[in-house]
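**Q** Sequence:
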Amino acid sequence: MLKAFKTEINPIPAQAHTIICSIGVCRFLYNRYIAYNKQLYRMYRRGLLDSHQKHFVSAMDFDKYVNHKLKLEFPWINNCGSKARKKALMNAEAAFKRFFKGQAGFPRFKKKSKQDVRLYFPRNNKGDWKIWRHKLMIPTLKQVRLKEYGYLLVGLAVVSGTVSYEAGRFFISVVVDIDENSKYNKDLKASKHPTTEGIGIDLGIKDLAIVSNGKVFKNINKTSKVRRLEKRLRRTQRHLSRKYEFKKKGGKTATVSANIDKQKRKVQKLHQRIERIREDHENKAIHAIVKQKPRFITVEDLNIKGMMKNKHLAKAVVAERLYSFLSKLKRKAEIIGIEMRVVNRFYPSSKTCHACGHIYKALTLKDRMYICPKCGYTADRDFNASLNLRDAKEYQIA
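Numbering (my numbering) for the sequence shown: -14 to 383.
Because the hints were derived from the structure by calculation, they are not lab data.
Please note: incorrect hints may appear among the correct ones.
Claimed, not checked - Lysine-lysine pairs mimicking DSBU-like chemistry, simulated, CA-CA at most 30 angstroms apart: (1) LYS(-9) - LYS207; (2) LYS315 - LYS269; (3) LYS313 - LYS115; (4) LYS378 - LYS315; (5) LYS82 - LYS313; (6) LYS278 - LYS191; (7) LYS(-12) - LYS115; (8) LYS99 - LYS232; (9) LYS228 - LYS200; (10) LYS232 - LYS251; (11) LYS99 - LYS(-12); (12) LYS233 - LYS200; (13) LYS86 - LYS71; (14) LYS(-12) - LYS49; (15) LYS97 - LYS23; (16) LYS132 - LYS95; (17) LYS228 - LYS210; (18) LYS300 - LYS99; (19) LYS127 - LYS(-12); (20) LYS317 - LYS276; (21) LYS72 - LYS56; (22) LYS336 - LYS351; (23) LYS278 - LYS336; (24) LYS115 - LYS210; (25) LYS72 - LYS132; (26) LYS313 - LYS99; (27) LYS233 - LYS216; (28) LYS216 - LYS228; (29) LYS200 - LYS317; (30) LYS120 - LYS86; (31) LYS132 - LYS276; (32) LYS278 - LYS313.
To be verified - Beta-carbon label-pair distances, calculated as ranges: (33) LYS111 - TYR21: 54 to 62 angstroms; (34) ARG212 - MET122: 38 to 46 angstroms; (35) HIS343 - VAL144: 50 to 58 angstroms; (36) LYS233 - ASP164: 54 to 62 angstroms; (37) GLY140 - ASP101: 52 to 60 angstroms; (38) LYS96 - HIS343: 48 to 56 angstroms; (39) ASP192 - ASP164: 25 to 33 angstroms; (40) GLY32 - ARG212: 31 to 39 angstroms.
We put the beta carbon where it would ideally sit given N, CA and C, even for glycine.
Just need the whole structure built from these sequences, with the hints factored in.
**A** Right, dumping it as structure tokens:
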């Protein structure tokens, strides 16, 4: 079984310099590949290329172009490993293929400020990616210290890994192949015995998740801690905007650029801290749900893409990480052996009375309590929905 782990590393200055330079090379090649294919497509549209000439270059062909021509113009491309460069080009080609299939938008250029490029390192020999308690062996970088000891599983085989740089911090993501006879897998198999009845979960904006057994997982974004960080983030972003305005007015000096870089780093760190708090809350909620070992979990097929089109809800939906929550819950239930049920998005779970089955069509979003006009049943709106999801007869297995 393959399982991914992500943790922070503490490279020495030379290793940090290598990582940053290599990420820059991968970002440059990624953007160059997109620009090259865009140019070919424009030439094809204008009739400058006939049907027999290529109007799209694959990653392998562009890699040959990099090795034979582009390296002569930019010799610093050799500062990055060949397999990491090739993986960046393959990622760009995959983005184009998703666009051609209608699964995603047109590929965008990578920005240095976002740092969303990762270095890929495969396992070429037995010494690569060896894990100790406090360090691991990364190809090209050699031994790199870990910031969190004992998190990575010592002694297991690593298939591949990536190194990323986010807000001044370095992270490592490894894919580990866990053997069926390993101690970790035995503990996992022992937990594959659901012991309680099934549950229904109603996801929302007011609260993250309302479970049919009475548990409520609050919205972490409404806590004072997150609100203070968001307030500080807005203030820091205003400071950054003012520095840009000052630079536009003629303050083009090295000091101004250095101050902008410092302020960017502050914004990135606050973004990362808020994101980590939300992710931690999400993981703890999923763990608490799965820990009960229910026979099945029923959720609603939310139209998250449609919710994002509502300008009044879009920001709250992004902050709640609903798509990530459902994806992780599905994966966790699959590992442990819990049946994951998905109810149709048009099922009136909130408007249906759990006691008598009457559908109250006049119910609005402002009504937080469900009061059945037929039998007088009274309950919290979201809790009533979770009960209806639990008892739903029509569903699909995720």
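**Q** For every hint, state whether the structure bears it out.
**A** Checked hints:
1. LYS(-9) - LYS207: holds, 27 angstroms
2. LYS315 - LYS269: holds, 15 angstroms
3. LYS313 - LYS115: Holds. LYS313 to LYS115 sits at ~28 angstroms (cutoff 30 angstroms).
4. LYS378 - LYS315: holds, 20 angstroms
5. LYS82 - LYS313: holds, 26 angstroms
6. LYS278 - LYS191: With a Cα-Cα distance of about 26 angstroms, the restraint between LYS278 and LYS191 holds, given a limit of 30 angstroms.
7. LYS(-12) - LYS115: holds, 16 angstroms
8. LYS99 - LYS232: Given pair LYS99, LYS232 holds - Cα atoms ~21 angstroms apart, limit 30 angstroms.
9. LYS228 - LYS200: Violated. LYS228 to LYS200 sits at ~47 angstroms, over the 30 angstroms cutoff.
10. LYS232 - LYS251: holds, 19 angstroms
11. LYS99 - LYS(-12): holds, 26 angstroms
12. LYS233 - LYS200: Measuring from Cα to Cα gives roughly 53 angstroms; hence the hint is violated.
13. LYS86 - LYS71: With Cα atoms ~23 angstroms apart, LYS86 and LYS71 stay inside 30 angstroms; holds.
14. LYS(-12) - LYS49: Roughly 33 angstroms between the alpha carbons, so the hint for LYS(-12) and LYS49 is violated.
15. LYS97 - LYS23: holds, 20 angstroms
16. LYS132 - LYS95: Since the Cα atoms of LYS132 and LYS95 sit roughly 28 angstroms apart, the hinted pair holds (cutoff 30 angstroms).
17. LYS228 - LYS210: Between LYS228 and LYS210 the Cα gap is close to 27 angstroms, so the pair holds against 30 angstroms.
18. LYS300 - LYS99: Satisfied, since the Cα-Cα distance of roughly 19 angstroms is no more than 30 angstroms.
19. LYS127 - LYS(-12): holds, 23 angstroms
20. LYS317 - LYS276: holds, 10 angstroms
21. LYS72 - LYS56: Answer holds: LYS72 to LYS56 is near 17 angstroms, not above 30 angstroms.
22. LYS336 - LYS351: Between LYS336 and LYS351 the Cα gap is close to 13 angstroms, so the pair holds against 30 angstroms.
23. LYS278 - LYS336: holds, 29 angstroms
24. LYS115 - LYS210: Distance ~39 angstroms between LYS115 and LYS210 Cα, so the pair is violated.
25. LYS72 - LYS132: holds, 27 angstroms
26. LYS313 - LYS99: Distance ~24 angstroms between LYS313 and LYS99 Cα, so the pair holds.
27. LYS233 - LYS216: holds, 26 angstroms
28. LYS216 - LYS228: holds, 19 angstroms
29. LYS200 - LYS317: Holds, because 19 angstroms separates the two Cα atoms, which is no more than 30 angstroms.
30. LYS120 - LYS86: The hint is violated at about 42 angstroms.
31. LYS132 - LYS276: holds, 28 angstroms
32. LYS278 - LYS313: Distance of about 16 angstroms is within 30 angstroms: holds.
33. LYS111 - TYR21: 54 to 62 angstroms: Taking Cβ atoms as reference, LYS111 and TYR21 lie about 38 angstroms apart, which means the hint is violated.
34. ARG212 - MET122: 38 to 46 angstroms: 43 angstroms Cβ-Cβ, so the 38 to 46 angstroms window holds.
35. HIS343 - VAL144: 50 to 58 angstroms: holds, 54 angstroms
36. LYS233 - ASP164: 54 to 62 angstroms: With Cβ atoms ~59 angstroms apart, the hint holds.
37. GLY140 - ASP101: 52 to 60 angstroms: Violated, at about 32 angstroms.
38. LYS96 - HIS343: 48 to 56 angstroms: Cβ of LYS96 to Cβ of HIS343: about 53 angstroms, so the range 48 to 56 angstroms holds.
39. ASP192 - ASP164: 25 to 33 angstroms: Violated, at about 40 angstroms.
40. GLY32 - ARG212: 31 to 39 angstroms: For ARG212 against GLY32, whose Cβ atoms are near 57 angstroms apart, the range 31 to 39 angstroms is violated.
Comparing the model with each numbered hint stated earlier shows that hints 9, 12, 14, 24, 30, 33, 37, 39 and 40 do not hold.
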